[in-house]
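Counting in the numbering used here, the sequence shown tops out at residue 167, every number present.
You may find that some hints are simply not true.
No farther apart than 20 Å at their CA atoms in a straight line, the calculated lysine to aspartate or glutamate pairs in the EDC-like style are these [stated by the list, open to error]:
| id | residue 1 | residue 2 |
| --- | --- | --- |
| 1 | LYS90 | GLU128 |
| 2 | LYS100 | ASP158 |
| 3 | LYS100 | GLU123 |
| 4 | LYS100 | GLU68 |
| 5 | LYS131 | ASP163 |
| 6 | LYS100 | GLU88 |
| 7 | LYS100 | ASP74 |
| 8 | LYS100 | ASP144 |
| 9 | LYS131 | ASP144 |
| 10 | LYS97 | ASP74 |
| 11 | LYS97 | ASP144 |
| 12 | LYS131 | ASP96 |
| 13 | LYS131 | GLU154 |
| 14 | LYS100 | GLU63 |
| 15 | LYS97 | ASP142 |
| 16 | LYS131 | ASP158 |
| 17 | LYS131 | GLU161 |
| 18 | LYS100 | GLU128 |
| 19 | LYS131 | GLU88 |
| 20 | LYS100 | ASP142 |
| 21 | LYS97 | GLU63 |
| 22 | LYS131 | GLU91 |
| 23 | LYS90 | ASP61 |
| 24 | LYS90 | GLU123 |
| 25 | LYS97 | GLU154 |
| 26 | LYS131 | ASP160 |
| 27 | LYS131 | ASP142 |
| 28 | LYS97 | ASP158 |
| 29 | LYS97 | GLU68 |
| 30 | LYS97 | ASP73 |
| 31 | LYS90 | ASP73 |
| 32 | LYS100 | ASP73 |
| 33 | LYS90 | ASP74 |
If you are wondering where the hints come from, they were derived from the structure by calculation, not from laboratory data. In this text, all values refer to a predicted model and were calculated from it rather than measured experimentally.
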Amino acid sequence: MSLLIPMDNKNAFDTPSLARTYSDIWYEPAYDDVDRLQVADDGFLVQFQYTYMLNLLVTPDMEAYLAETAFSDDVYALPIHLQRLLVEAKEEVVLDKRTKGDRCKNPEPSTTSSTPTATAMAEHPALERLKRVRAFCWLRSDADIANLMSTLVELVADDDELDRVIS
1 MSLLIPMDNK NAFDTPSLAR TYSDIWYEPA YDDVDRLQVA DDGFLVQFQY TYMLNLLVTP
61 DMEAYLAETA FSDDVYALPI HLQRLLVEAK EEVVLDKRTK GDRCKNPEPS TTSSTPTATA
121 MAEHPALERL KRVRAFCWLR SDADIANLMS TLVELVADDD ELDRVIS
């Protein structure tokens, strides 16, 4: 027998349809998790399944986010192309951060004078492709977070489009 908790000070035994069990209340989503929820077809809230990728798309500094956060379990639900791209971009950022730290300790004169964008493209090809994915999603969603979530789901579901954006 489960513990019944009445809603709105009504007797739970008089109105069993208004009664909720302890587990219903205990496992309700917290208010800070509302940004990770979506409404399913039957009207119930479900957790958004690509939270890491969504956070990566909305963060102002993608490099810092990749360097400082660990992958969550939802990354492994992404297509293998996108998983590989995330891993490569994270490796580029972490290695660049590590080598910049080494260069600060032992500075050496620079002899090349190339443009910053060409240098970034040569040093971080995976990060640039990930930025293209972000730009594509934001453009397609008209800079709306709700549309961004659905655009991300559509992009993940369509391998051909994802391959075109990543390549």
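Enumerated hints in conflict with the structure, sorted upward: Violated hints (numbers, rising): 2, 7, 8, 10, 11, 15, 20, 25, 28, 30 and 32; every other hint is consistent with the structure.
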